[in-house]
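Now for the letters of each chain:
2 protein chains.
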Amino acid sequence: MAEQKATNVTWHDHTVTKSERQKLKGHKSAVLWFTGLSGAGKSTVANTVDHLLHSKGIHTYVLDGDNIRMGLNKNLGFSAEDRAENIRRIGEVAKLFADSGTFVLTAFISPYRVDRDRARQILGEGEFIEVYVNASLATCEGRDPKGLYKKARAGEIKGFTGIDDPYEEPLKPEITLDSDGKGIDDLAAEVVQYLKDNGYLSA
Amino acid sequence: MAEQKATNVTWHDHTVTKSERQKLKGHKSAVLWFTGLSGAGKSTVANTVDHLLHSKGIHTYVLDGDNIRMGLNKNLGFSAEDRAENIRRIGEVAKLFADSGTFVLTAFISPYRVDRDRARQILGEGEFIEVYVNASLATCEGRDPKGLYKKARAGEIKGFTGIDDPYEEPLKPEITLDSDGKGIDDLAAEVVQYLKDNGYLSA
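In the order they appear, the protein sequences are chains A and B.
Numbered by my numbering, the letters in the first sequence go through residues 1 to 203 in order.
Numbered by my numbering, the letters in the second sequence go through residues 1001 to 1203 in order.
Think of the hints as simulated: they come from the structure by calculation, not from any bench.
Incorrect hints may have been included.
[Said to hold, decoys possible] Simulated pairs of lysine-lysine, DSSO-like, Cα-Cα distance not exceeding 30 Å:
(1) A:Lys-74 to B:Lys-1172
(2) B:Lys-1023 to A:Lys-28
(3) A:Lys-196 to B:Lys-1018
Whole structure, please, built from the sequences with the hints as guidance.
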């Protein structure tokens, strides 16, 4: 019995806490959750913010289609169930990164409120910063960087957000970016300013 | 067409690379994959190594049952398929952490070679460090910190590794720890020495 207790004590003594991890990094950690239509600029703004923060010595990481869809979530399709599971897993991984002291930026359409709210709920107070990249459907369809709207209009893609599947706008996002009217660098600067104004960039 | 190309260029210009993330942290990144029987000391050694590395200013994170089973993998059970998926997801998340420049330590029984080898394959050369925490079944069963062996022997748990499910020893682990003969601090020191000897602790 004594042996077992000792083992437990050792384990707890040596666990590095979240706040110790943040202290090493010199700043708080949180999730910047970018949401918006395809073509709204989520990935571009997120990567630009990432670049700005990194250049200030902030420890960051970006989760987006490039590193999630072909890896962790490669066994998920586009059924309603799989879409929910996609966002659930992203929320859980974002939570792990925040726990590690990292500023994590996620860039996914994440069209449903219930899925985004679940991610918010598993994170601590102030750790989930919802960034609504707001652009009109007309703007996004005009950009159509991957040709997806064209395919959706032609019926080659079913259940495409904004065309034949809904996008549920955030009701109370921490940040709303006007992607119709402003350029990438201005939008990214707004996000960084929010983090400064709200005390995220000091430990 | 010009508009689309410009968007792509912007995205790429602003992407922070893995090597830039490592440079900010001041060291390389890799996965320390602890494997071994239940009770061998994987979590305890991993957390002790984590503590040692953290105290040297190394940016680390631990993935173990505490933060994975109730979160990312809470929708997985213990069927053969779910066990494989459990380890697959852990490997993918470990890869993301390594990509972020973080030294990540994973502590799961991970009894099957094929599952561990798949994690090794998705990581780059030298990024997967398999740490075999080698303790005899008798030692582990004698420790039985969670009372699981007792339950497995009583038939209350089915498919328990070492009792009625196999543990496949690593064939060429980077590190083998003698958990029968040595104490936790010595084992942890061996892991840190391996990292020093192999150039992992400098950028």
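Results of checking the hints against the structure:
Only pairs whose Cα atoms come within 30 Å are accepted, and A:Lys-74 paired with B:Lys-1172 is accepted, the gap being roughly 29 Å. Between B:Lys-1023 and A:Lys-28 the alpha-carbon distance is near 20 Å, which keeps this suggested pair within the 30 Å criterion. With a CA separation close to 25 Å, the supplied pair A:Lys-196 and B:Lys-1018 stays within the 30 Å bound.
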